[in-house]
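Q: The primary structure of each chain is shown beneath.
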Amino acid sequence: DQQVKQNSPSLSVQEGRISILNCDYTNSMFDYFLWYKKYPAEGPTFLISISSIKDKNEDGRFTVFLNKSAKHLSLHIVPSQPGDSAVYFCAASDRTNFGNEKLTFGTGTRLTIIP
Amino acid sequence: NAGVTQTPKFQVLKTGQSMTLQCAQDMNHNSMYWYRQDPGMGLRLIYYSASEGTTDKGEVPNGYNVSRLNKREFSLRLESAAPSQTSVYFCASILSRNFGEQYFGPGTRLTVT
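Top line first, the protein sequences correspond to chains V and P.
For the first sequence, the working numbering begins at 1 and goes up steadily by one.
For the second sequence, the working numbering begins at 1 and goes up steadily by one.
Watch out, some of these pointers could steer you wrong.
[To be verified] Just a few of them, taken from the derived set where beta-carbon distance is under 10 angstroms, the chain V residues facing chain P: (1) 6; (2) 8; (3) 9; (4) 44; (5) 46; (6) 56; (7) 89; (8) 105.
Since the hints were derived computationally from the structure, they do not count as laboratory data.
Glycine is no exception: its CB is placed at the ideal position from the N, C-alpha and C atoms.
Using the sequences and the accompanying hints, generate a full structural model.
A: Given below as structure tokens:
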């Protein structure tokens, strides 16, 4: 049972345009959400997070939106740059009960930025 | 600061062989984790250690054992490798369960034939 779903395995976006990566979750106990970025042959690196008490968090070119009623979050990258080409993982935790110990990851979306 | 380091980077095993994957962190983090990543499955938690001397099972612990040797090191052992354990293994650490984000190592690509 996939509690965190990234339904788009891949996405291609023109350089300079907006990239939107989507993530859905089913577990209503999740109260903290993260995005990780992964380059080939490297480990995932933390990108941005959002607590369930917020609906938006921004960090430079990266913004994460959370829609709790729809159990949906999205990552916006604007403008997209070639260095953004990577696999992006959505992750969620029940931070109230488990802290950051038990992250549940989605399957990832491979983003390709076209120059 | 090297962050989280893992050895080896690559390994090929025959079915039934055993091996230990090593992980070390130099960030004085308290909690450490082992994940596996399989195509189409995302990252799944195998075992974790909330602090030195403690370990707990994650989502997919069968076929693995772990040792939290000290605060810096957390090893993952496959006693009798099976083809189903072919995967990329990532170690991660975090300052504490309620503070900070997980930092990942570069991974170990393991093939079991």
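Q: State for each hint whether it applies.
A: Do the hints match the structure? See the list:
With its C-beta approaching chain P no nearer than about 8 angstroms, residue 6 of chain V sits inside the 10 angstroms limit, and its interface hint holds. At about 13 angstroms, the closest approach between the beta carbon of residue 8 of chain V and any beta carbon in chain P exceeds 10 angstroms, and the interface hint on this residue is violated. Checking residue 9 of chain V against chain P by beta carbon gives a least distance of about 8 angstroms; that is within 10 angstroms, so the hint holds. For residue 44 of chain V, the interface hint holds, since its Cβ comes within 10 angstroms of a Cβ in chain P; the closest pair sits about 5 angstroms apart.
Checking residue 46 of chain V against chain P by beta carbon gives a least distance of about 4 angstroms; that is within 10 angstroms, so the hint holds. Of the supplied interface hints, the one on residue 56 of chain V is violated, with its beta-carbon coming no nearer than about 19 angstroms to a beta-carbon of chain P, more than 10 angstroms. Hint status for residue 89 of chain V relative to chain P: holds, with the closest Cβ pair at about 6 angstroms, below 10 angstroms. The beta carbon of residue 105 of chain V comes within 4 angstroms of a beta carbon in chain P, closer than 10 angstroms, and the hint placing it at the interface holds.
In this structure, the earlier hints numbered 2, 6 are contradicted, and the remaining ones agree with it.
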